[in-house]
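This is what each chain is made of:
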Amino acid sequence: MARFPKPPEGSWTEHYPALGTGPVSYEDSTSPEFYERERRAIFKRTWLNVGRVEELPRSGSYFTKEIAAANASVVVVRGKDGEVRAFHNICRHRGNKLVWNDYPLEETRGTCRQFQCKYHGWRYDLEGALNFVQQESEFFDLDKDAYGLLPVHCDVWAGFIFVNFAPEAEQPLTEFLGPMVTDLEGYPFDEMTARFGYRTNIAANWKLFMDAFQEFYHAPVLHAKQSPQKYSAMAQQAGFEAPHYRIEGPHRLVSTSGVRFWEMDSELVKPMEITTRSGLFGPWDEVDLGEMPKGVNPAHCDPWGLDSFQVFPNFVILLWSQGWYLTYHYWPTSHHTHVFEGNVYFLPATNARERIAQEMAAVTFKEFALQDANTLEATQMGIESGYVDRFLLNDQEVLCRHLHKEVADWIAAYESVPEVPRP
Amino acid sequence: MTMLPTEFADLEPFAPKWCLPSEPGRYAMRLSSSMDEMYEFYEAIHPRAAAAISHLERFDLYGLPEDATNLLHLLYSMIMVSFPVEAWGQPRVPDTGSASFDCFTEPAP
Amino acid sequence: MTQWPKPPEGSWTEHYPALGTGTVCFDDSVSPEFYELEREAIFKRAWLNVGRVEDLPRIGSCFTKEITIANASVILVRGADDEVRAFHNICRHRGNRLVWSDDPHQETGGVYRQFTCKYHGWRYDLQGACTFVQQEDEFFDLDKSSCGLAPVHCDIWNGFIFVNLDARPRQGLREFLGPMITGLDGYPFEKMTEHYDFVAENNSNWKLFADAFQEYYHVPSLHPQQVPPAVRDPGAGFTCAHFQCDGPHRLVSTAGTRRWALPEECMYPIERVTRSGLVGPWETPDVGALPDGVNPGKVDPWGISNFQVFPNLEILVYAGWYILYRYWPTSPRSHRFEATLGFHPARTVRQRVEHEVASVVFKEFALQDAGMLGGTQAALETGVLHEFPLSDQEILVRHFHKVVADWVGAYRREGIGAVG
Amino acid sequence: MTRLLPAQFADLEPYAQTWCRRTEAERWAVRAASSMQELADFYDAAFPRLEAAIEYCDEHPLDALPDDVGRLVELVHSVVMVSMAVEIFGQPKTVDSADAVLHRVREPRP
Chain A
1 MARFPKPPEG SWTEHYPALG TGPVSYEDST SPEFYERERR AIFKRTWLNV GRVEELPRSG
61 SYFTKEIAAA NASVVVVRGK DGEVRAFHNI CRHRGNKLVW NDYPLEETRG TCRQFQCKYH
121 GWRYDLEGAL NFVQQESEFF DLDKDAYGLL PVHCDVWAGF IFVNFAPEAE QPLTEFLGPM
181 VTDLEGYPFD EMTARFGYRT NIAANWKLFM DAFQEFYHAP VLHAKQSPQK YSAMAQQAGF
241 EAPHYRIEGP HRLVSTSGVR FWEMDSELVK PMEITTRSGL FGPWDEVDLG EMPKGVNPAH
301 CDPWGLDSFQ VFPNFVILLW SQGWYLTYHY WPTSHHTHVF EGNVYFLPAT NARERIAQEM
361 AAVTFKEFAL QDANTLEATQ MGIESGYVDR FLLNDQEVLC RHLHKEVADW IAAYESVPEV
421 PRP
Chain B
1 MTMLPTEFAD LEPFAPKWCL PSEPGRYAMR LSSSMDEMYE FYEAIHPRAA AAISHLERFD
61 LYGLPEDATN LLHLLYSMIM VSFPVEAWGQ PRVPDTGSAS FDCFTEPAP
Chain C
1 MTQWPKPPEG SWTEHYPALG TGTVCFDDSV SPEFYELERE AIFKRAWLNV GRVEDLPRIG
61 SCFTKEITIA NASVILVRGA DDEVRAFHNI CRHRGNRLVW SDDPHQETGG VYRQFTCKYH
121 GWRYDLQGAC TFVQQEDEFF DLDKSSCGLA PVHCDIWNGF IFVNLDARPR QGLREFLGPM
181 ITGLDGYPFE KMTEHYDFVA ENNSNWKLFA DAFQEYYHVP SLHPQQVPPA VRDPGAGFTC
241 AHFQCDGPHR LVSTAGTRRW ALPEECMYPI ERVTRSGLVG PWETPDVGAL PDGVNPGKVD
301 PWGISNFQVF PNLEILVYAG WYILYRYWPT SPRSHRFEAT LGFHPARTVR QRVEHEVASV
361 VFKEFALQDA GMLGGTQAAL ETGVLHEFPL SDQEILVRHF HKVVADWVGA YRREGIGAVG
Chain D
1 MTRLLPAQFA DLEPYAQTWC RRTEAERWAV RAASSMQELA DFYDAAFPRL EAAIEYCDEH
61 PLDALPDDVG RLVELVHSVV MVSMAVEIFG QPKTVDSADA VLHRVREPRP
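Residue numbers (this note's numbering), protein chains in the order written: chain A, 1 to 423; chain B, 1 to 109; chain C, 1 to 420; chain D, 1 to 110.
There could be a bad hint or two in this list.
Taking lysine-lysine and the DSS-like style, the derived pairs with C-alpha atoms no more than 30 Å apart in a straight line are [said to hold, decoys possible]:
1) K44/C <-> K144/C
2) K402/C <-> K44/C
3) K6/A <-> K405/A
4) K144/A <-> K402/C
5) K144/A <-> K6/C
6) K65/C <-> K402/C
So the derived label-pair ranges between C-beta atoms look like this [claimed, not checked]:
7) P285/C <-> E26/D: 16 to 22 Å
8) A51/B <-> S11/A: 39 to 45 Å
9) S31/C <-> E191/A: 46 to 52 Å
Quick caveat, the hints were computed from the structure, so don't treat them as lab data.
Glycine residues also receive a C-beta, built at the ideal position from the N, C-alpha and C atoms.
Construct all of the structure, not just a fragment, from the sequences and the given hints.
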């Protein structure tokens, strides 16, 4: 019994007929060989978000990013001219990793005037040019101009920094993102600089964890204990329905309706939520973000809860109606492991009360993420056993269906191109 | 030597353990504390939270005196222990045996 | 910094024209296929140093050596006739590993009267002959004399024990070593019996780690702490006095730094008090004249000669002590690193402390090289770059990778010939 | 408390329990687990006594050191170990050594 109207075809899934309604296989999440194909067809070929411009506040600010799925380490840096650039993190002399701190396989960040290799002291400026070779006269016909850092395609949209490892990017960034995503332009991402950052290693395929955060069918069950018993019972009874799903190109969107906790009976909320006036949906007291761009709450849900934009392949922007947002990144490290990053962004608090409400929202976020992460490892083990190979998806899981299909489509498109020498 | 504003001297016994400036510190303290310890802390601070927030609200958030900063950190710890106390009945999130989620950046204060 | 004269061709590299001066590719250090070729072309063909005669001090002394890349485990043993021999570490009965302690994958050693297989109790004497078969009459036409341990070619030069896993070695050991290495004949290794041994599992290809120890160009950058901050020159370079290549082997000599003659601020306090440090004890017992081959470039003042014996042995010779490195590949991206420091046995506590200082300092700086090379390996594995320039100070890196490629090339050509 | 070091070096007795270690592996582990303050305290106390300690030890044959003298040699070895952190690196761990390890598997005694 639908609480929200479905498309005329009768379901969200049938509204996108290419998706089908049959059972699906998760072999794409257990096969080492499939992972290798994903690396080539997707992670070495598409735009990947590696951070935000606020992480590079001034010229010389840099961070490194380990992207195992593309077999790459990149250094992203703001040059003297204010431009953000990305380079392969490799010294041109003997191939040493150029920028690292303490542990060469771990990411690092900071501010510098130039990059200097620890091995033999070669130096590169912030624009990647080689500007110093130790004992240059000992080399043979060395043209320093030809030995700058190897650039990686890099572009910025709405303050989000993307890189692309293809020899030539097949689409410009904004064309790749498409109007559903670029209509978010104007959202004050740049003002929301109070950030809580989290990271963890997860023993599950990256797509399976994306699946967990692109459907809310699991929420009333898995997260039941997060809420007072009376609320949980009601939520479980009702089940979950999202008012709006949308698929555009490789990207996806789900909007949910809001819950006005502050209007609820006190038996339905936890004491700490009342005290801090905050919780899973964020601070209860409204913040003014100005007028929202048209991409936000595109179906005009009322009350509106959140929009979760799944930007292909591994990036999620989640906007809450309460004036804050999350990003998720899923960085594959093997067919059954990945690094998950979650970032929580708010407007800088103007007083202690606001700051405490943010703390409550961030702590609650972590409690939920921990439950999801642990469940995922159990999922990976279950499907890796291989005894069951067909799984059902309901209409509330339409986005999971789309992700797995989209991945398969990219691989098919890539592999259908006649074999040419590829990097 | 006191750590908290004098109005909150009653919370002073909890300050050395729970005035922790970082999320990793607070989370680790939660995991290494007994439920009794957390109940005791929660029972003491929760009734005082509204007054504490009102007290802190009078200051510029980015120029808090040291004792106020300590009080703010104590409130963060209150939020941290509220989950074991209000929801889980145990220090760790249930069914998260192998999961971790490490905080590496957070706003200051 | 002294500028040492270069050969008439203008550079050390051009003095060996076969090396060329172009860029070098390090795909040989990341490719699993190349690793497989190295297994056959190099480690199953070259003479490999597995230890020193001091490691087998008396009859029955024995150690085992795991040579992962050659799929071999070898027993080295001093027989009843005082000869050192090598055998495959395999019982002839059912193929069980013969000599091992708790873990059959770990090397072991000790003094043995005979070898007894743990599985069925077959026994072998120190010369490898099968001496006892449990319930021999249960076997059929068993000829014990044909059931001795499978021998491995083994020879000794200057106290260094070498094995060769080829069915028929293409060269004798001395011929393989050639005149430059055998120029070390007479260096008193046998008197420097006080050994400090180190071992590490490193996450880099064996050649990349060897590269770090066959050039000094990196020293001012990676190891600035080798001199105290007050006298550090941020623009410092390093120029070696003499390079030499001979067959597959290489040599670099550096000039001697008489650290003790320097002003106080040029050394660390611990060096001043203990009279020892980076270049070892300031004074060592007089061993008489050293063979000319120790310093073939006649560098004066002479400091160190670093002999790289193909494929995986390095001998660093100082006037009064020495260091050995061995690099044992365990996968394309990992190797087991062994180091030995040899000193004249200390007669006093002061001498012992001098050795301790040299040993501790050695470890500090070796750790810096090892710590960084995991990064080199990871960066090279990204595969985005294939051409790297090498300076004249890195001539030995160039030579090493070329020799490896040459041996692999020779093996491949023979393989094609055999098929054709 | 039993005395570990020769009476002439009673001033170093407070450090003996921690720093009289038979093997390099143990000395390395203690250094790695110590704060810079602890290392500096030990170094400041023991380094000025190093010369005297070596001289004192050398009144005995190396292969027949009494127990307390043997422990003093171990303490001297520890000063050498700690000097690397104090004089050279300014931190307990070798700078830029990342996750590298190097195990000393054979060494002379004492």
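Hints, verified against the model:
1. Note on K44/C and K144/C: the hinted pairing holds, with a Cα-Cα distance of about 29 Å set against a maximum of 30 Å.
2. This hinted pair checks out: K402/C and K44/C have alpha carbons roughly 18 Å apart, not beyond 30 Å.
3. Distance restraint check for K6/A and K405/A: the Cα-Cα separation of roughly 22 Å lies within the 30 Å cut-off, and the hinted pair is therefore satisfied.
4. Only pairs whose Cα atoms come within 30 Å are accepted, and K144/A paired with K402/C is accepted, the gap being roughly 25 Å.
5. With a CA separation close to 24 Å, the supplied pair K144/A and K6/C stays within the 30 Å bound.
6. Under the criterion of a C-alpha separation no larger than 30 Å, the hint pairing K65/C with K402/C is consistent with the structure, at around 28 Å.
7. Hint check: P285/C to E26/D, Cβ distance near 30 Å, so the stated range 16 to 22 Å is violated.
8. Range check, A51/B to S11/A: Cβ separation about 53 Å, and the 39 to 45 Å hint is violated.
9. Judged by the Cβ atoms, the range 46 to 52 Å given for S31/C and E191/A holds: they are separated by roughly 50 Å.
Violated hints, in rising order: 7, 8; the structure is consistent with all others.
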